[in-house]
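Undergrad: Sequence:
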Amino acid sequence: MSGSVVTQNGFMVVTHVYPQQQTATTPVTGVSSRVPTLLAKFLRGEPKALGTVQILIGVMMLLFGIVLAVHGASISTYSGVAIWGCLIHISSGSLGVAAENNLNKCLVKGSLVMNIFSTITAGISVIFFSLDMVYQHFYDYCYEYDCYQLGSQLSSTLNGVSGVLLVLSILQFFISISVSAFACKATCCTNPEVASHCYQS
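The sequence shown runs contiguously to residue 201 in full-length UniProt numbering.
Take these hints with a grain of salt, some might be off.
As the list claims (entries may be wrong) - For lysine-lysine, the following BS3-like pairs were computed, each having C-alpha atoms within a straight-line distance of at most 25 Å:
hint : residue 1 : residue 2
1    : Lys-109   : Lys-185
2    : Lys-48    : Lys-109
3    : Lys-185   : Lys-48
4    : Lys-105   : Lys-185
5    : Lys-48    : Lys-105
Simulated from the structure, these hints should not be mistaken for laboratory data.
What you are looking at is a predicted structure, and each value in this text was computed from that prediction instead of being measured.
Sequences and hints are given; from them, build the entire structure.
TA: Rendered as structure tokens:
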């Protein structure tokens, strides 16, 4: 504990700085008492469970993205967001799982940075998959009935795939924001508490 005394106009101001104590927090299940208080805030966000969900969403988006890339020309296919976006989601989920298994400040900061990138990527994905659904995958060069019918069926199927990818991107967006918030609380807010008392002389 450190303190200072300042006297001014007949008043004495005493300031004490109390470092944060580890015993004042509520215990987190499965965490030993040696875990620092701020890093325990990260564990309250369940990074292993959310990281696992991020990995699964990334794999599912990759598989649906391959289907979309093979069978249709769309905005998301040309941008490649269905491929490189999934790799970012998978890596951010992997860092979240690793940060809970081996809790240290470097992994938590890495998880924070990757989840920020994952949030941005998911936002871009939402825009591209929404545009895919607005601009129909339609084939204007079909003039015969059979060709027109097949083109229409393919277009509705690809719109369904884009819709699934849109829902997964929205889910990924909110999960990444959640993990980022808990990681930021654990790494960015490290100021000690300051207590100030005022005495009249």
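Undergrad: Hints first: check each against the structure and report whether it holds.
TA: These are the hints, each one checked on the structure:
Between Lys-109 and Lys-185, the direct Cα distance comes to roughly 11 Å. Compliance with the 25 Å bound is thereby established for this hinted pair. A distance of roughly 15 Å separates the Cα atoms of Lys-48 and Lys-109; the hinted pair therefore holds under the 25 Å criterion. A threshold of 25 Å between alpha carbons decides the hint, and for Lys-185 with Lys-48 the separation of about 17 Å falls inside it, so the pair holds. Distance check on the hinted pair: Lys-105 and Lys-185 sit about 12 Å apart at the alpha-carbon level, within 25 Å; holds.
Distance check on the hinted pair: Lys-48 and Lys-105 sit about 16 Å apart at the alpha-carbon level, within 25 Å; holds.
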